[in-house]
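Asker: Residue strings, one per chain:
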Amino acid sequence: MNPQQIEQSFREKICSALRLEREGSGRYRVVTPFLIGDGDHLSIVLRRNDSGWVLSDEASTYMHLSYELDDRALDTGTRQKIISDALAFFGIEDDDGELRVDVEDDHYGDALYSLVQAMLRIGDVTFLSRERVASAFMDDFREFLSRILPEDRMKFDWSHPEHDPKQLYPVDCYVNGAQRRPIAIYGMTGDSRVRDATITLHQFENWRLDIYSVAIFEDMERISRKPLARFADVAGKLFSSLPENENRITKHLEKVQSI
Amino acid sequence: MPVDLTDPQIRELVAAPKLLPSAYPSILTRMTERRKHKRSDLEIESQSGRFRIMLRQNVMNALDFSAIFGYHMPSSSRVFRLRRYNGRHYHTNKIEQETISGFHIHQATERYQAVGAKEDAYAESTERYSMLSDALNCLLEDCNLTPPEDGQSLLFPPRLVL
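In order, the protein sequences belong to chains R and P.
Note that the first sequence covers residues 1 to 259 in our numbering.
Note that the second sequence covers residues 260 to 421 in our numbering.
Hints were generated in silico from the structure; no laboratory data involved.
Wrong hints could be hidden among the right ones.
In silico contact screen, one side only, chain R against chain P (beta carbon under 8 Å); selected entries [said to hold, decoys possible]: (1) G37; (2) D38; (3) G39; (4) A59; (5) Y67; (6) L69; (7) D71; (8) D75; (9) A229.
Glycine residues also receive a C-beta, built at the ideal position from the N, C-alpha and C atoms.
Working from the sequences, and respecting the hints, build out all of it.
Answerer: In structure tokens form, the structure reads like this:
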């Protein structure tokens, strides 16, 4: 196919998937080929009001987000910024949860593209769910330790082979001691991981294992006070975050390994 | 792409008997409204694990609703959506290359997780319900959720009060 034919194919494919379905007087469902990650199509309505035509998601975008996120999580921080930036950039109004754009000067196509892109951009804030952010931190945690620790002495997702065959008390990264004291390094993304590590370190004490522990937090300020206090009683060294402490962590581990 | 739950695990979680907490009617019918939709959530503890029922009702469009049955993944904050009983809108099953309209039921599958889609990206058309209260009753039946012995057999009065 030549470029003109390819272009024609693009147009036919997109145009054939776009249509209006009448839903009543002055109201149409805009059927598009654009999907959310669960296969549902973007829900868009074209309706007439006193001042002309308006395209609206009729609150479907935020309702869909509520399947995975609490509404309040959208009011502050990075998610709120992404949403407000998308609305401003694409000229979309947020009317108490309804995303809408007035069609001006008969520019129906422009209005539709703007609303579609805003809906897709806002829908992507689910990628900032705590689970996904925590996953990214653990990736960084592993990459950093792989960079600074000798490969033949470290093991991710370690558990004690004799005391813990069922792997109930895992360590995120274990550095074997050879002639030195072994080190258990934990990546802390939230309260539940802190609690689990506290239990594990208590169990190590019960088993009389001499293992030095280090915890690297994604953001220590987000950990609840009590779990953090309990953990601090059994842990060796805590670092409040990773990016700002890479040098300190490296020096500390070098120092501990030489003891 | 790695999958979180296999098809046998999904079937087992859906089919396992689960008892609703005694306060389930009041919790589910007490919906809060924000951003032009109403919502209520119910946590369920069972021998099979922790689950959540989520109800959503669009205030602007009565046919846009969702009754969701999710499973709390262990050691995670994530709720894995096992079933989702949706209102009327378009849906495309990307793998099967088929588009459906109308009321439909999303189901978690291994094959959609494997291609990087949401776990419940597969859906089938249904004529079993046309409003949220009936969708919820289908969810309770399909997912083996039973009221406590002293509870009412019908969750809602004939029409859900929003």
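Asker: Indicate, hint by hint, whether the structure satisfies it.
Answerer: Cross-check of the supplied hints:
1. For the restraint placing R:G37 at the interface with chain P, the shortest Cβ-Cβ distance is roughly 5 Å, inside the 8 Å limit, so the hint holds.
2. A hinted interface residue such as R:D38 counts as satisfied when its beta carbon comes closer than 8 Å to some beta carbon of chain P; here the least separation is about 4 Å, so the hint holds.
3. With a least beta-carbon distance of about 4 Å to chain P, the hint placing R:G39 at the interface is held under the 8 Å criterion.
4. Hint status for R:A59 relative to chain P: holds, with the closest Cβ pair at about 4 Å, below 8 Å.
5. Annotation: interface hint on R:Y67 holds; nearest CB of chain P at approximately 6 Å, less than 8 Å.
6. With a cut of 8 Å, the hint placing R:L69 at the interface with chain P is violated, because the nearest CB-to-CB distance is about 11 Å.
7. Nearest Cβ of chain P to the Cβ of R:D71: about 5 Å, under the 8 Å cut. The hint holds.
8. A least Cβ separation of about 10 Å between R:D75 and chain P goes past the 8 Å threshold, and the interface hint is therefore violated.
9. For R:A229, the suggested interface contact is broken, since its CB lies about 22 Å from the closest CB of chain P, more than 8 Å.
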